[in-house]
Amino acid sequence: MNHDALVSLLRRRLDDIVPGQADSLDLDDDFRDELDLDSMDVLKLVRALHEELKVDVPDTEVGRLRTLRDFASFLEARVG
Amino acid sequence: MADDGTLFVMPSLGADMEAGTLVAWRAKVGDRVKRGDVVADVETEKGVIEVEIFHEGVLIELLVSPGTKVPVGTALARIAAEGATHVDSVSDTDSVSVSDADTVSDSVSDTDSVSDSVAVSDTDSVSDTDSVSDTDSVSESVSDSVSVSVSDTVSVSDTDSVSDTVSVSASDVVTDSASITDASPRSRITPAARALARAHALSLETLRGRGRDGVILLRDVELALAARPNATPAARRQARALGVELSTVEGHGRHGVILLDDLPPSATKAAPTPPSATEPIDPQARMRAAIAAATSRSKREIPHYYLTHTVELSAALAALEARNASRPPTERVLPAALVLRAVARALRKHPELNAHVVDGRVIPRETVDLGVAVSLRGGGLVAPSIARADELELDALMAALTDLVERARAGNLRASQMAPGSLTVTSLGERGVDVVVPVIFPPQVAIVGVGTLATRPWVVGEACLPRPTLTLSLAADHRVTDGHAGARFLARVADLLARADL
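These protein sequences, in sequence, are chains A and U.
Position 10, counted from 1, in the first sequence is what numbering that gives the first Met the number 0 calls 9; the numbers after and before it change by one each time, with no gaps.
Position 451, counted from 1, in the second sequence is what numbering that gives the first Met the number 0 calls 450; the numbers after and before it change by one each time, with no gaps.
These are calculated hints, taken from the structure and not from any lab test.
As the structure is a computational prediction, the values presented were derived from the model and not from experiment.
Misleading hints may appear alongside valid ones.
[As the list claims (entries may be wrong)] Derived lysine to aspartate or glutamate pairs resembling EDC-like cross-links, with alpha carbons at most 16 Å apart: (1) A/K43 / U/D402; (2) A/K43 / A/D55; (3) U/K33 / U/D212; (4) A/K53 / U/E330; (5) A/K43 / U/E330; (6) U/K348 / U/D494; (7) A/K43 / U/E405; (8) U/K33 / U/E55.
Can you make the complete structure from the sequences, with help from the hints?
Here you go:
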């Protein structure tokens, strides 16, 4: 799965959590601030990605991944 | 007495709820229902709530159709005990008896100053009931150590001045009590709950028992009282005599207390105004109005005191991180669950903060049910609760929290989650707030605030080191506790939270 596909996937999963706002996110926006996510929301995102991609985003990494670009890059390095 | 079934009533889903709209039935006539089954969706200011039933049996009649708004306590449906044939019931109001054939009959001595233990005996009050079982578990679930003293003074809650207390003469009270017929002699109730209900002229018929097998606990009475509009005893009697629903009456006493003058005189029986006439339709506006009402009341009535306590969390977080690292995301625990666990367990040791104030009276609570403030997208706030949070292990608490937040935001909380908790925990730490200075949710007497977890300077020995810390805060009701008790509670929370044993 390439970077663009992963960004689209992230948008879809974020849209499940906060409907109707993920499409307008820029690649370099801090998506937590933009979508007003809390730690429960982010955990939900991590759980959804784990189920779909079998990629685990460890606790220690989650806090560092602030943008769609960074998050997709992190996933890209771990998905086949 | 013929078996006319048990009534399933519109529950009180929060201290500020006066009425609810039945959105849909989830069960139909003839369905077999058991405790905990979701049987209806009810809409309140806080969204659509899944309402569970606390009786067992067969649904024999639906009394309210979807789309109808009815006051708390209104009968919604009738349930017949399964296999119930014919049971004589005892109409002596001072002895509690049960008629559902599959439940226990117990006789409870009624005292006014109460040591709340229920004597379960296979006794003279039992008649045709054929199975007496479960007595141990019943006595276990309804026994508690709460004591309530019931005085003859009914006070309208108000702390501004002594003169606002409405005193009732003894004869009034007698009349009042006498008029409480336990219309349903089958209600089972603990002595403390009965005493409180009687002191407030609350009809047992409208109460929903949350104890095992539907036993009415002190808490159920508190909930019903909290949901009741404030009115003077005379106004209450008049309303009852006229058949006027108090929630439809506008009070002109201080703080909106309903006075006798607010009700029509006995001769003319007024038609109640439709409750929806003046209420905003927009759910957002309704939620805003509900929050405004609760917080205004809090700031008006409750003399808050505030304390803060900063706690260093490196050991606890290291333990949590190690635990999470070895688990899939579905089993991960957030620091928020650690905080809830610490608060719940500390509260167990500080029963003085586990109380509600209802009509100016302090009512100790029986269980530690933790309220959690959940902000909703698009604005607004709900504070549903996790029942018996102090008894939950970390994983179970995390699961309960996840479910609570998800349901709160999706607008489909369960009725059991809507019961007001012992106290509420409110966290604004995700947005960089250093210290929360919270507002108590009536009828609670305290609230715990959680600030941002961040790395800050911390002195260890002679050195100042970067360490993860957060600041807990407590707002508590000075009518009920003093700062010393609050400080000890907060120190206990901090101590439990700092520990590395998960």
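Given hint U/E330 paired with A/K43 - CA-CA distance at most 16 Å
Distance of about 11 Å is within 16 Å: holds.
Holds or violated: U/K33 with U/E55, Cα cutoff 16 Å?
This hinted pair holds, its Cα atoms lying about 4 Å apart.
Within a Cα-Cα threshold of 16 Å, do A/K43 and A/D55 meet the stated pairing?
With Cα atoms ~12 Å apart, A/K43 and A/D55 stay inside 16 Å; holds.
For a C-alpha distance cap of 16 Å, please report whether A/K53 and U/E330 respect it.
Holds, at roughly 15 Å.
Does A/K43 pair with U/D402 here, judged by a C-alpha cut-off of 16 Å?
Holds - the C-alpha atoms of U/D402 and A/K43 are around 12 Å apart, at most 16 Å.
Does the alpha-carbon distance linking U/K33 and U/D212 stay inside the 16 Å limit?
holds, 10 Å
Taken at face value, is the distance from the CA of U/D494 to the CA of U/K348 at most 16 Å?
The given pair, whose Cα atoms are some 13 Å apart, holds under the 16 Å limit.
Distance restraint between A/K43 and U/E405, which requires alpha-carbon spacing of 16 Å or less
Given pair A/K43, U/E405 holds - Cα atoms ~10 Å apart, limit 16 Å.
In terms of the numbered hints stated before, the structure departs from none.
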